[in-house]
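Number of protein chains: 2
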Amino acid sequence: MADTQDRNTQSSTAQTVISIDAMGGDSGVAAVIGGMAKSARKNPNIRFIVHGDDVQIKKLLKRKPDLAARTEIRATEQVVAMDDKPSAALRRGKKSSMWATIDTVGQGDARVAVSCGNTGALMAMSMVRLRKAPGVDRPAIAILWPSANPSGYNIMLDVGADIKANAQDLLKYAIMGASYARNGMGLKRPRVGLLNVGTEEFKGRPELHEAAKLIAAVADVSDLEFIGNVEGSDIPSDRVDIIITDGFTGNVALKTGEGTARHVSKLLKRAFSHSPLSRIGALFAMTSLRRLSKQIDPRRVNGGVFLGLNGTVIKSHGSADATGVAAAIKLAFQLAQNDFAEKLTARVASGLAASKDALSNKDEASE
Amino acid sequence: MADTQDRNTQSSTAQTVISIDAMGGDSGVAAVIGGMAKSARKNPNIRFIVHGDDVQIKKLLKRKPDLAARTEIRATEQVVAMDDKPSAALRRGKKSSMWATIDTVGQGDARVAVSCGNTGALMAMSMVRLRKAPGVDRPAIAILWPSANPSGYNIMLDVGADIKANAQDLLKYAIMGASYARNGMGLKRPRVGLLNVGTEEFKGRPELHEAAKLIAAVADVSDLEFIGNVEGSDIPSDRVDIIITDGFTGNVALKTGEGTARHVSKLLKRAFSHSPLSRIGALFAMTSLRRLSKQIDPRRVNGGVFLGLNGTVIKSHGSADATGVAAAIKLAFQLAQNDFAEKLTARVASGLAASKDALSNKDEASE
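Note that the protein sequences, when read in sequence, are chains A and V.
Using the numbering used here, the first residue of the first sequence is number 1, and each one after it goes up by one.
Using the numbering used here, the first residue of the second sequence is number 1, and each one after it goes up by one.
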């Protein structure tokens, strides 16, 4: 076993291996292999272990000799379906491509796992195979949200790993989110906001009041700036980098944002095909409109990251095409290069220690 | 006191009086009087009782003799500020324009109250002065959401009257929302969906599972169609008319939708000013773009309605201009014409009776 020092040196020079689930996405195996091919073309330091139906995979790799040379196929028989309950997938799915994808990270053969499959099943299997990181009770799913910030994105978590979160969970989401922002987006001291129904301190549920105190207490040691409560309208804004919430609220917000963006895009298309004049206008503005549609395209921001496990797992959109899968792989590579899983665990430990110190300092005058 | 029959006859022939709070909005008294003037021009059957600083109001009404002739001014001294806590507003605000606006409905001098002020204070005062309607434990705020439906809007509630809602509350939101859809939008048998993190029955919190059973049991007697769980992405869709949720989730979803629409609009403007060609395109497409911006303009859908009180109160956006205030007044007039408050109370009673019958039929074989 290499120690952390060794691993750091290794990761910056050697090839990085990504474990990929070829099955279970709405767009089929071709989209996954297509995404791998895109990534392989752009990045010479990436290798793959791909899991699934080897007949299909071999057929698709035949015309991609460059990708095939950097890909190991591990055949699996079962597929976790999109509508499988997580509990059923766990009971029956140990021979599935999804389990094998995670298992490969657990064994140390790959640094990061990527799957387009059923989110609930992927989280359940990840919890069982990789186990929760020390100090974490509820792992979380973090996503990138198109925003007015220079990077173009904000981070939000949890968006659906668990439907509940208490104050301690929200504290850890803040620490984990900040670590992700540093390693995935290069932000040194990310601004963290707590999603609430108003910016005033007295607003919202009791666990949010408590979480606000806890996060404020660890801000320095966790290298984050706590800006207090934020509202739904702040999620795409440039006054915050990371939005912290429970998985129920986060999931509703995420899907509401996607639905709204889709609705506006539909209205926009209709506006531009409404009259001959507007159709001429669309022709003139085509380049600008294409850039806009890229900016709000959910496929570009593809890749929810599971935080709080012993290993990194990336959930790609179920309906991701090759572009979406490639975006998820790019993120996987970046996190692997930065030894993200190890750094996150260290951050949670130091944050919790600081939080306990702050609490005991408050309770009693310490010597 | 007129009985219901009398009142029905009256409302369709006589003038409808709306009680309006001139103070407390971000855009000042001028926006409120401007909105009243717009409404008065379009609607000969509307009269106003307006509450606030009579010097300012008289000055603004001077150049609007037609509106002045249909407006009674009731001077008040205090104003509830946007950042007043609801409890403080209640304790100290009995001489405020907001209290007087609601009181006028409580006394029967006007059918509906409209205010642009502090939502929390308005709800707290409405609860104290008008009291909860029989059978309602938690009143709710319902808003209109731009959607792909023929009317252009869906209804969502609660968006922030209370941060909690149990299964019984959610049931009543469904009944009240359906009554609002019938009287405010003319939908005979509106489709009701329960906001959740997935469409499968087993998803989400326990109170949602219970609420789903309760709503399904009253669907027939409440003249609604229950379509089960919906997700955030369904809020602007045409597969549902009414979205039911607790006030915390609803408030976050509402503000997330507004924030996303605003972000996309900003990107759109930038896209059209990016190059000389795109600026020419914008010129050609101007009419279509204006129509689009109307469709996604929050001022047009202005007007959250407080449901579950003995009387109808409409909360207009704090930042509403004259167009926004006029939209809220239009809705107020329509609901007053339909004797909405009385119909809603009757609907809650019949729905609760049906719900109890269904439960007792399930528990024991009834004779």
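Among these hints, one or two may not hold up.
[Claimed, not checked] Cβ-to-Cβ under 8 Å is the rule here; a few derived chain V residues that face chain A: (1) Ser237; (2) Thr256; (3) Ala358.
[Unchecked claim] In silico DSBU-like links for lysine-lysine, alpha-carbon gap of 35 Å or less: (4) V:Lys188 with A:Lys132; (5) A:Lys132 with A:Lys62; (6) A:Lys85 with V:Lys269; (7) V:Lys266 with A:Lys42; (8) A:Lys266 with V:Lys42; (9) A:Lys203 with V:Lys85; (10) A:Lys203 with V:Lys95; (11) V:Lys132 with A:Lys266; (12) V:Lys266 with A:Lys356; (13) V:Lys269 with A:Lys188; (14) V:Lys203 with A:Lys330; (15) V:Lys330 with A:Lys266; (16) V:Lys213 with A:Lys85; (17) V:Lys330 with A:Lys85; (18) V:Lys64 with V:Lys42; (19) V:Lys269 with A:Lys330; (20) V:Lys203 with A:Lys164; (21) A:Lys266 with V:Lys188; (22) V:Lys85 with A:Lys356; (23) V:Lys188 with V:Lys343; (24) A:Lys42 with V:Lys269; (25) A:Lys343 with A:Lys356; (26) V:Lys85 with A:Lys269; (27) V:Lys269 with V:Lys42; (28) V:Lys94 with A:Lys203; (29) V:Lys42 with A:Lys164; (30) V:Lys62 with A:Lys266; (31) V:Lys266 with A:Lys203; (32) A:Lys164 with V:Lys94; (33) A:Lys269 with V:Lys269; (34) V:Lys38 with V:Lys356; (35) V:Lys330 with A:Lys343; (36) V:Lys95 with A:Lys269; (37) A:Lys269 with V:Lys343; (38) V:Lys62 with A:Lys188; (39) A:Lys266 with V:Lys38; (40) V:Lys59 with A:Lys203.
I should point out that these hints are in silico values taken from the structure, not numbers from a laboratory.
As the structure is a computational prediction, the values presented were derived from the model and not from experiment.
A virtual CB, placed ideally from N, CA and C, is assigned to each residue, including glycine.
Going through the hints against the structure:
no.: 1; hint: Ser237; in the structure: holds (7 Å)
no.: 2; hint: Thr256; in the structure: holds (4 Å)
no.: 3; hint: Ala358; in the structure: violated (27 Å)
no.: 4; hint: V:Lys188 with A:Lys132; in the structure: violated (51 Å)
no.: 5; hint: A:Lys132 with A:Lys62; in the structure: violated (39 Å)
no.: 6; hint: A:Lys85 with V:Lys269; in the structure: violated (44 Å)
no.: 7; hint: V:Lys266 with A:Lys42; in the structure: holds (32 Å)
no.: 8; hint: A:Lys266 with V:Lys42; in the structure: holds (32 Å)
no.: 9; hint: A:Lys203 with V:Lys85; in the structure: holds (10 Å)
no.: 10; hint: A:Lys203 with V:Lys95; in the structure: holds (26 Å)
no.: 11; hint: V:Lys132 with A:Lys266; in the structure: violated (41 Å)
no.: 12; hint: V:Lys266 with A:Lys356; in the structure: violated (43 Å)
no.: 13; hint: V:Lys269 with A:Lys188; in the structure: holds (31 Å)
no.: 14; hint: V:Lys203 with A:Lys330; in the structure: holds (31 Å)
no.: 15; hint: V:Lys330 with A:Lys266; in the structure: holds (28 Å)
no.: 16; hint: V:Lys213 with A:Lys85; in the structure: holds (21 Å)
no.: 17; hint: V:Lys330 with A:Lys85; in the structure: violated (48 Å)
no.: 18; hint: V:Lys64 with V:Lys42; in the structure: holds (14 Å)
no.: 19; hint: V:Lys269 with A:Lys330; in the structure: holds (30 Å)
no.: 20; hint: V:Lys203 with A:Lys164; in the structure: holds (13 Å)
no.: 21; hint: A:Lys266 with V:Lys188; in the structure: holds (27 Å)
no.: 22; hint: V:Lys85 with A:Lys356; in the structure: holds (33 Å)
no.: 23; hint: V:Lys188 with V:Lys343; in the structure: holds (14 Å)
no.: 24; hint: A:Lys42 with V:Lys269; in the structure: holds (33 Å)
no.: 25; hint: A:Lys343 with A:Lys356; in the structure: holds (20 Å)
no.: 26; hint: V:Lys85 with A:Lys269; in the structure: violated (44 Å)
no.: 27; hint: V:Lys269 with V:Lys42; in the structure: holds (32 Å)
no.: 28; hint: V:Lys94 with A:Lys203; in the structure: holds (23 Å)
no.: 29; hint: V:Lys42 with A:Lys164; in the structure: violated (49 Å)
no.: 30; hint: V:Lys62 with A:Lys266; in the structure: violated (45 Å)
no.: 31; hint: V:Lys266 with A:Lys203; in the structure: holds (29 Å)
no.: 32; hint: A:Lys164 with V:Lys94; in the structure: violated (40 Å)
no.: 33; hint: A:Lys269 with V:Lys269; in the structure: holds (15 Å)
no.: 34; hint: V:Lys38 with V:Lys356; in the structure: violated (46 Å)
no.: 35; hint: V:Lys330 with A:Lys343; in the structure: violated (57 Å)
no.: 36; hint: V:Lys95 with A:Lys269; in the structure: violated (51 Å)
no.: 37; hint: A:Lys269 with V:Lys343; in the structure: violated (41 Å)
no.: 38; hint: V:Lys62 with A:Lys188; in the structure: violated (59 Å)
no.: 39; hint: A:Lys266 with V:Lys38; in the structure: holds (31 Å)
no.: 40; hint: V:Lys59 with A:Lys203; in the structure: violated (38 Å)
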